[in-house]
Amino acid sequence: MQKVIDQRSPELPDCFYDPNQPTLITPNTPTPNHSLFLSNLDDQKFLRFSIKYLYLFKRSVSSDRLKFSLSKLLVDYYPLAGRLRTRKEDDHKLEVDCNGEGAVFAEAFMEITADEFLELSRLPNRSWRKLLYRVEARSFLDVPPLVVQMTNLRCGGMILCTAINHCLCDGIGTSQFLNAWAHLTTKPTTDLPIPPLHGRHVLKPRNPLQVSFTHPQFSKITPNGGPNLQFDLNQYLQSQPLVPSSSTFTASHILNLKRQCVPSLKCTTFEVLAAHTWRSWVTSLDLGPTLNVKLLFSVNVRKRLTPELPQVRMKFTFLFITRLL
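Okay, so the sequence shown: first residue is 83 according to this note's numbering, each after it adds one.
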């Protein structure tokens, strides 16, 4: 029904970095110096990575202009200029040391035009990694929460790549940050349209803990055959070769999937695509009928709590919903 592409794209050229790269961009005025609490939703181990974004522009902006607007923005988004660390009370928990050390900013040049880049990027391309400065670090904690690379192109355009720590920003928070950066770059004398809030204590667990219902999204699955039937799905998946692929679903494909649902169900596009993709993936693994496999996806709870949480919070407002398929 859909076209699946598994060919590899050609390699991008190497980046040439300017001398004395990278630099640290610090807030341009003093910011609060304290430790920022991270809730249990923030620092889950499977969320300890950076969300990476790539933006292509046909016309470049001067690096000085981007650095100035970023330094101004980091006054409001000062946790992104800090550093992650483990808590003294519990080394399994993380917190942010808001020390104003700064975000990493690298400048580079790539011998390619914007159109050539688009042509080479029609398929998933592993060499996109060249467009983000690699911070030499011993662990996840040693990587600054915000890493930026500005790559100038032969045609006069540029590529802007960012890596933002997922423990500090969810997708909505990241979008707000990037839009705020664009706003200050084009209108440097104006205020932010949506100022961020950094307080996390609203979701701090009760003491003593009160667990009033089960959380299957965080529970370990035992095969139906009993505890003697051991199968490490993670280990199995990591042993399989991965090939980048791209699947395109047209409007008619989506309609066809919805027609396969029970008539009484009014399924959304997300629901039918998630179910179809997950079912196809599980079928391809040939796991056997005794193993329950969970589909896990995030849900924005900003407006689902009582009282509601402000829309401007940078993080911690997604819960995970699970379904057994």
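For the record, the hints were derived by calculation from the structure and aren't laboratory data.
A virtual CB, placed ideally from N, CA and C, is assigned to each residue, including glycine.
Hints may contain errors.
Stated by the list, open to error - Here are the computed distance ranges between Cβ atoms for each label pair:
id, residue 1, residue 2, range
1, Thr-271, Thr-365, 55 to 65 Å
2, Asp-179, Phe-352, 31 to 41 Å
3, Glu-390, Arg-288, 11 to 21 Å
4, Glu-218, Thr-268, 42 to 52 Å
5, Arg-204, Ala-264, 39 to 49 Å
6, Glu-390, Asn-261, 20 to 30 Å
7, Phe-352, Thr-271, 33 to 43 Å
8, Asn-289, Glu-193, 35 to 45 Å
9, Ser-346, Asp-96, 54 to 64 Å
Now for the hints, and whether the structure bears them out:
As the Cβ distance of Thr-271 to Thr-365 is approximately 57 Å, the hint placing it in 55 to 65 Å holds. Separation of Asp-179 from Phe-352 is about 38 Å and conforms to the stated range, judged on CB atoms against 31 to 41 Å. For Glu-390 and Arg-288, the hinted distance range of 11 to 21 Å is satisfied, since their beta carbons lie about 20 Å from each other. A C-beta distance of roughly 34 Å is found between Glu-218 and Thr-268, which places it outside the suggested range of 42 to 52 Å.
Between Arg-204 and Ala-264 the beta carbons are some 26 Å apart, a value that contradicts the proposed interval 39 to 49 Å. Restraint check, Glu-390 to Asn-261: a C-beta distance of roughly 22 Å satisfies the suggested window 20 to 30 Å. Look at Phe-352 against Thr-271: about 41 Å separates their beta carbons, and that is inside 33 to 43 Å. Distance hint check: the CB atoms of Asn-289 and Glu-193 are about 58 Å apart, inconsistent with the given range 35 to 45 Å.
Roughly 57 Å separates the CB atoms of Ser-346 and Asp-96, a value that falls within the hinted 54 to 64 Å.
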